[in-house]
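Working from the sequences, and respecting the hints, build out all of it.
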Amino acid sequence: VNGTKAVFIGYLVLIVIGLVYFTALGMAHQ
Amino acid sequence: MTAERVRRVLRENGLSLAFGAMFLVSLAGQALSGVAAFNEQQLSTGGEQISLGRYLLSSSFAADVAENWQSEYLQFFLYIFATVWLVQHGSTESKQVGEEGDGSDKEQRVGRYAQPDSPRWARLGGWREVVYSRSLGLVMLVLFIASWGAQSVAGWAAYNNDQLSTRQDPVTWADYLVAPDFWNRTLQNWQSELLAVGSMAIFAVFLRQRGSPESKRVGAPHQETSSDTS
Numbered sequence: 177v178n179g180t181k182a183v184f185i186g187y188l189v190l191i192v193i194g195l196v197y198f199t200a201l202g203m204a205h206q
Numbered sequence: 083m084t085a086e087r088v089r090r091v092l093r094e095n096g097l098s099l100a101f102g103a104m105f106l107v108s109l110a111g112q113a114l115s116g117v118a119a120f121n122e123q124q125l126s127t128g129g130e131q132i133s134l135g136r137y138l139l140s141s142s143f144a145a146d147v148a149e150n151w152q153s154e155y156l157q158f159f160l161y162i163f164a165t166v167w168l169v170q171h172g173s174t175e176s177k178q179v180g181e182e183g184d185g186s187d188k189e190q191r192v193g194r195y196a197q198p199d200s201p202r203w204a205r206l207g208g209w210r211e212v213v214y215s216r217s218l219g220l221v222m223l224v225l226f227i228a229s230w231g232a233q234s235v236a237g238w239a240a241y242n243n244d245q246l247s248t249r250q251d252p253v254t255w256a257d258y259l260v261a262p263d264f265w266n267r268t269l270q271n272w273q274s275e276l277l278a279v280g281s282m283a284i285f286a287v288f289l290r291q292r293g294s295p296e297s298k299r300v301g302a303p304h305q306e307t308s309s310d311t312s
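Protein chains in written order, with the numbering used here: chain A, 177 to 206; chain B, 83 to 312.
If you are wondering where the hints come from, they were derived from the structure by calculation, not from laboratory data.
As the structure is a computational prediction, the values presented were derived from the model and not from experiment.
We put the CB at the ideal spot given by N, CA and C, even for glycine.
Computed list of lysine-lysine pairs in DSSO-like fashion (alpha-carbon distance at most 30 Å, straight line):
1) B/177 with B/188
2) B/177 with A/181
3) A/181 with B/188
Computed far set for chain B versus chain A, every beta-carbon distance over 10 Å:
4) 108
5) 115
6) 116
7) 119
8) 128
9) 129
10) 165
11) 223
12) 249
13) 262
14) 280
15) 288
16) 304
Quick look at the structure:
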């Protein structure tokens, strides 16, 4: 279960980092 | 961690890990082809060439990735919520006709019907149960809204870059939200997701994939709706 939880959290972290990064990029270019 | 345990974790999470790896490879491919396409266009318009590193920091790259993310999360959000209330007779992607709705507490094993190994929020009742009961769809909805928001901001910056390079006035974010560019980027992704989901729901009635949980058993009749009734 711990390995599975790590994959779950890994996906969430990856997605959140991506969303923050893309939003910040857009804002930085204004 | 022993080699044995690593192998077990890899096997037990093979589906998620394989798709995660394919995602990273595709994203790298998108970045490489994206910078090449960008530079090709720059060449034809007399603009300066940029490096991969600079492309990864560009609003153009951000908008291209985010617009695809939002449509995927919209697809899953809609599918998760729509399948609560809408059914497709004969499809593995659907509940049986007559089972529309969110089910009884007993069926769902929540509140007093929760079992000792049920998730904590399913046992607690109250607002936590209400939230946890919809957490899969809600997370998809939040990711959809966040990625659509990211697309709008990055797309707006990319649009203004183009405006400035052609000596036109930049627009405000509110203006961009009603601009054809924003809706063209948005709807070209939505239409493909909706077509794929709709066709999957109906194709699963008549077509089979031996061994896949997305399919009925090969010999199951077309009118059988749920794969676990066989």
